[in-house]
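Undergrad: Chains as they are written, first to last, in the numbering used here: chain L, 1 to 841; chain A, 1 to 178.
Where hints are given, some of them may not hold.
Calculated lysine-lysine pairs in the BS3-like style (CA-CA distance at most 27 Å, straight line) [stated by the list, open to error]:
hint	chain 1	residue 1	chain 2	residue 2
1	L	K80	A	K17
2	A	K108	L	K110
3	L	K188	A	K132
4	L	K31	A	K27
5	A	K12	A	K44
6	A	K17	L	K74
What the hints contain is simulated information worked out from the structure, not anything from laboratory work.
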Amino acid sequence: MRMPAPIRLRELIRTIRTARTQAEEREMIQKECAAIRSSFREEDNTYRCRNVAKLLYMHMLGYPAHFGQLECLKLIASQKFTDKRIGYLGAMLLLDERQDVHLLMTNCIKNDLNHSTQYVQGLALCTLGCMGSSEMCRDLAGEVEKLLKTSNSYLRKKAALCAVHVIRKVPELMEMFLPATKNLLSEKNHGVLHTSVVLLTEMCERSPDMLSHFRKLVPQLVRILKNLIMSGYSPEHDVSGISDPFLQVRILRLLRILGKGDDDSSEAMNDILAQVATNTETSKNVGNAILYETVLTIMDIKSESGLRVLAINILGRFLLNNDKNIRYVALTSLLKTVQTDHNAVQRHRSTIVDCLKDLDVSIKRRAMELSFALVNGNNIRGMMKELLYFLDSCDPDFKADCASGIFLAAEKYAPSKRWHIDTIMRVLTTAGSYVRDDSVPNLIQLITNSVEMHAYTVQRLYKALLDDISQQPLVQVASWCIGEYGDLLVSGQCEEEEPIQVSEDEVLDVLEGLLVSNLSTPVTRGYSLTAIMKLSTRFSSLNRIKKVVSIYGSSIDVELQQRAVEYNALFKKYDHMRPALLERMPIMEKTATNGPSETVQTNGETDSTILDTKHLPSISQPASQANDLLDLLGGNDVVPIIQTTVPTKPASAGGELLDLLGDLSLTGGPTPTPASSVPMSQPPFLLDGLTSQPLFNDIAAVIPPMTAYNKNGLIIEFTFERSNPNPNIAVITIHATNSTEADMTEFVFQAAVPKTFQLQLLSPSSNVVPAFNQGSVTQVIRVLNPQKVRCYCEPRTHSASYRSRSSEISPFVLKHLQKSDECLSGAKLNIAKLKLRAASH
Amino acid sequence: MQFMLLFSRQGKLRLQKWYVPLSDKEKKKITRELVQTVLARKPKMCSFLEWRDLKIVYKRYASLYFCCAIEDQDNELITLEIIHRYVELLDKYFGSVCELDIIFNFEKAYFILDEFLLGGEAQETSKKNVLKAIEQADLLQEVRHMKQRLPAASSRRSDLHKPLRDDRPKHTHTQPDH
Numbered sequence: 001m002r003m004p005a006p007i008r009l010r011e012l013i014r015t016i017r018t019a020r021t022q023a024e025e026r027e028m029i030q031k032e033c034a035a036i037r038s039s040f041r042e043e044d045n046t047y048r049c050r051n052v053a054k055l056l057y058m059h060m061l062g063y064p065a066h067f068g069q070l071e072c073l074k075l076i077a078s079q080k081f082t083d084k085r086i087g088y089l090g091a092m093l094l095l096d097e098r099q100d101v102h103l104l105m106t107n108c109i110k111n112d113l114n115h116s117t118q119y120v121q122g123l124a125l126c127t128l129g130c131m132g133s134s135e136m137c138r139d140l141a142g143e144v145e146k147l148l149k150t151s152n153s154y155l156r157k158k159a160a161l162c163a164v165h166v167i168r169k170v171p172e173l174m175e176m177f178l179p180a181t182k183n184l185l186s187e188k189n190h191g192v193l194h195t196s197v198v199l200l201t202e203m204c205e206r207s208p209d210m211l212s213h214f215r216k217l218v219p220q221l222v223r224i225l226k227n228l229i230m231s232g233y234s235p236e237h238d239v240s241g242i243s244d245p246f247l248q249v250r251i252l253r254l255l256r257i258l259g260k261g262d263d264d265s266s267e268a269m270n271d272i273l274a275q276v277a278t279n280t281e282t283s284k285n286v287g288n289a290i291l292y293e294t295v296l297t298i299m300d301i302k303s304e305s306g307l308r309v310l311a312i313n314i315l316g317r318f319l320l321n322n323d324k325n326i327r328y329v330a331l332t333s334l335l336k337t338v339q340t341d342h343n344a345v346q347r348h349r350s351t352i353v354d355c356l357k358d359l360d361v362s363i364k365r366r367a368m369e370l371s372f373a374l375v376n377g378n379n380i381r382g383m384m385k386e387l388l389y390f391l392d393s394c395d396p397d398f399k400a401d402c403a404s405g406i407f408l409a410a411e412k413y414a415p416s417k418r419w420h421i422d423t424i425m426r427v428l429t430t431a432g433s434y435v436r437d438d439s440v441p442n443l444i445q446l447i448t449n450s451v452e453m454h455a456y457t458v459q460r461l462y463k464a465l466l467d468d469i470s471q472q473p474l475v476q477v478a479s480w481c482i483g484e485y486g487d488l489l490v491s492g493q494c495e496e497e498e499p500i501q502v503s504e505d506e507v508l509d510v511l512e513g514l515l516v517s518n519l520s521t522p523v524t525r526g527y528s529l530t531a532i533m534k535l536s537t538r539f540s541s542l543n544r545i546k547k548v549v550s551i552y553g554s555s556i557d558v559e560l561q562q563r564a565v566e567y568n569a570l571f572k573k574y575d576h577m578r579p580a581l582l583e584r585m586p587i588m589e590k591t592a593t594n595g596p597s598e599t600v601q602t603n604g605e606t607d608s609t610i611l612d613t614k615h616l617p618s619i620s621q622p623a624s625q626a627n628d629l630l631d632l633l634g635g636n637d638v639v640p641i642i643q644t645t646v647p648t649k650p651a652s653a654g655g656e657l658l659d660l661l662g663d664l665s666l667t668g669g670p671t672p673t674p675a676s677s678v679p680m681s682q683p684p685f686l687l688d689g690l691t692s693q694p695l696f697n698d699i700a701a702v703i704p705p706m707t708a709y710n711k712n713g714l715i716i717e718f719t720f721e722r723s724n725p726n727p728n729i730a731v732i733t734i735h736a737t738n739s740t741e742a743d744m745t746e747f748v749f750q751a752a753v754p755k756t757f758q759l760q761l762l763s764p765s766s767n768v769v770p771a772f773n774q775g776s777v778t779q780v781i782r783v784l785n786p787q788k789v790r791c792y793c794e795p796r797t798h799s800a801s802y803r804s805r806s807s808e809i810s811p812f813v814l815k816h817l818q819k820s821d822e823c824l825s826g827a828k829l830n831i832a833k834l835k836l837r838a839a840s841h
Numbered sequence: 001m002q003f004m005l006l007f008s009r010q011g012k013l014r015l016q017k018w019y020v021p022l023s024d025k026e027k028k029k030i031t032r033e034l035v036q037t038v039l040a041r042k043p044k045m046c047s048f049l050e051w052r053d054l055k056i057v058y059k060r061y062a063s064l065y066f067c068c069a070i071e072d073q074d075n076e077l078i079t080l081e082i083i084h085r086y087v088e089l090l091d092k093y094f095g096s097v098c099e100l101d102i103i104f105n106f107e108k109a110y111f112i113l114d115e116f117l118l119g120g121e122a123q124e125t126s127k128k129n130v131l132k133a134i135e136q137a138d139l140l141q142e143v144r145h146m147k148q149r150l151p152a153a154s155s156r157r158s159d160l161h162k163p164l165r166d167d168r169p170k171h172t173h174t175q176p177d178h
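Please model the complete structure; the sequences and the hints are all you need to start from.
TA: As structure tokens, then:
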């Protein structure tokens with residue numbers, strides 16, 4: 001029984017569109033697909049075209065159609081034009097170069113490229129130029145090249161774009177098209193001209209040689225462009241009174257590439273660019289498209305300054321255009337040129353600022369970026385007003401970037417400290433929740449360093465807290481400040497504005513309020529607990545503070561609990577240390593890099609796992625030295641930094657190691673106390689409140705040099721630097737000098753590090769420290785402390801082996817300062833102690 | 001140009017032309033995301049948006065969105081003119097083209113596009129020449145498959161019948177001359 005003729009395409013489309021549900025549609029599709037499949041199986045030539053067309057429709061609806069791929073190939077191979085048309089369309093839609101089946105097309109295309117009918121040739125060129133794979137392009141490049149030289153403009157233009165595709169797929173083939181480009185530009189046909197310019201552009205972009213070769217075309221291009229502008233109305237190519245804008249834009253783009261970096265070419269095109277810029281009709285999009293391209297070209301080539309100003313002014317006019325598309329491209333272009341033509345762009349600053357109020361998101365964003373680029377010392381006040389207003393009203397997506405930008409600009413150009421603080425306050429109160437995390441430490445640093453503004457700052461922050469405690473960055477900064485400057489707050493010392501009356505209890509109420517509030521994040525709670533603790537040395541309400549601290553000793557939040565416990569310990573056992581520890585922060589050095597820092601692990605954890613001999617770098621050491629190393633591990637002294645004397649302690653046995661770590665190094669005294677009273681096995685960190693919140697992003701910028709050892713004529717000094725590429729590496733240079741009468745030979749510096757550290761000892765300059773300070777031995781040590789664990793430097797009595805003495809080698813414990821505050825103040829006590837040792841080579 | 005998509009306000013794809021090699025899966029994903037992004041745009045917003053590392057230029061004509069993805073160095077404003085030229089060609093060919101024309105004669109929409117653009121670039125800047133070529137090629141088609149005009153289908157959605165006109169009043173282009 002003969003199958004009925006497959007339904008027509010339009011019929012199918014109509015039928016499918018009557019489906020009321022997705023399921024119904026699917027059913028229809030499946031039914032039809034089945035019919036089509038059997039038709040394909042029957043090798044029905046008559047209706048193959050119709051069936052493939054239907055398949056393409058269903059494919060567009062999202063249904064699989066891969067079983068039609070081979071059918072497309074058959075259609076392409078057919079003699080009928082209708083078949084070929086659908087076949088090639090199907091190939092472009094269904095085949096892709098990843099499947100080998102596409103290669104079967106190659107021969108057909110080759111034949112069709114040589115077909116007697118130009119429309120068939122056109123189909124082949126189009127398909128090849130759209131989806132030809134590299135293999136196909138390689139095989140057929142010769143045919144394309146042939147067609148590029150034909151006099152038939154219909155084919156020539158297609159061949160040019162096909163060549164572009166071939167070059168993109170197989171760049172090595174570019175050379176072969178070179179001869180054919182010879183007289184492409186002498187064509188009258190606009191299609192050929194347009195596609196030729198595209199081809200030339202592609203070649204010049206890919207090859208500097210081609211670029212120099214084609215520079216000679218500049219005069220011809222200029223001439224063509226001139227004709228387009230000057231010639232009268234040409235109906236065929238006219239768009240709103242402009243002659244062939246597509247061609248004009250492409251020529252301008254090619255000129256840009258040819259003129260870039262080349263004085264002569266740039267000069268040759270100077271006039272025509274000025275002409276286009278001044279004569280082009282700007283009432284419609286098409287004219288502006290040409291102006292836009294012209295501006296891009298002027299900015300990229302070596303144009304005269306007059307021309308550049310003209311270009312910027314065009315962009316300025318664009319900014320005032322009603323059409324937001326035009327405003328958008330203007331802002332984009334201005335953003336590109338703001339660095340190089342800064343002053344010219346500045347003139348349009350007010351228009352740009354107006355664009356901040358635009359309704360379109362993309363325009364607003366660009367206007368914001370551009371505004372930040374234009375801020376300078378002269379306009380900072382005015383600009384900041386606008387930007388703060390923008391911050392207030394913009395979308396949440398913008399707020400983080402805007403806030404960061406404002407902080408940056410304020411930092412660079414703030415006219416006064418008071419203004420700076422006010423600006424920060426404004427940002428924190430209006431967009432406080434959107435401020436980036438790393439802004440908090442930066443702001444704290446800023447505030448700390450603005451010494452004369454402390455009272456004013458803390459007052460303002462306090463008042464802000466009374467209003468709103470939901471914005472965490474604001475709350476954190478405020479807590480920190482209250483902790484630091486609470487004394488100024490209650491004493492009503494503010495000069496800048498009317499001082500408020502606030503009592504200690506009120507302040508503590510606020511801070512405690514933060515601790516219990518649902519709005520506070522754990523980080524914020526940490527800040528406020530620490531702030532409360534700090535106030536114990538500034539306020540007199542000691543009992544209240546003690547109470548709070550002890551309550552949080554049983555907090556569920558581990559972080560809070562730990563702090564509370566440590567602070568508790570501070571009250572109980574180490575009360576004499578408390579004032580020093582909680583002293584006012586010194587001015588902080590701005591660190592070089594301000595990336596976010598890692599949260600500090602409590603040192604204790606690392607402490608307890610370290611000092612294991614097998615983790616010492618292995619070296620071939622004489623036995624005696626090995627013993628010494630073991631001894632090194634046994635020592636347990638801690639010297640509080642506040643006392644600058646270096647204690648001389650005998651090394652104790654290694655067995656006390658763990659005790660040592662449990663030892664609360666808070667003891668200023670010579671004997672370590674057992675770690676019994678503290679429930680945690682880790683030494684408490686008083687300044688955890690500060691340090692586990694990354695305040696500053698790096699280890700101290702500057703660690704002052706120190707005399708690590710000074711005894712018996714041997715002086716060893718450490719100077720510190722941070723390694724440039726990796727700020728986690730401290731580079732210590734030791735200088736050993738000898739003022740005795742005898743040379744010190746066999747001088748060996750040893751050091752050992754805990755597991756988490758990495759140590760590298762570079763070769764010392766010498767083993768002999770000459771007598772009478774006649775020279776020094778230097779050695780560079782690099783210490784990597786990835787966890788930023790604090791460690792402690794403690795020089796010990798031992799020295800390198802003297803000729804006449806046999807002392808043990810002393811370990812040098814390096815003070816690695818977690819935060820710059822501790823480092824620089826020198827008066828802060830670091831609690832953890834780590835012994836730093838390394839075996840020298 | 002990397003690709004061009006035509007889709008309705010309901011997000012139904014009416015035409016897809018890809019000038020870069022991508023798998024079917026990738027194409028579907030891109031289409032889905034882009035359609036969603038463009039449909040979410042408010043009418044007052046500009047025609048350009050950044051999407052992945054491409055620039056997207058889109059314009060709405062009656063019930064159809066014309067959406068092109070261009071590269072960094074391409075001129076957005078002239079792309080709008082390209083889109084408009086394509087609409088003009090369709091309009092001239094179909095006579096006051098509407099979405100239904102494109103639905104029922106999608107293969108012709110492709111043929112016209114392929115006479116206007118090749119490999120993502122304009123191959124012919126004269127409207128007349130493109131239409132002439134299509135006309136000639138149509139004549140070559142074997143008799144059975146005559147050029148069919150859209151049947152008067154009863155459609156629930158009347159805006160499919162609406163001629164494709166520029167949606168933005170400011171941006172006045174002349175009516176296509178019949």
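Undergrad: Which of the listed hints are not met by the structure?
TA: No hint contradicted; all consistent.
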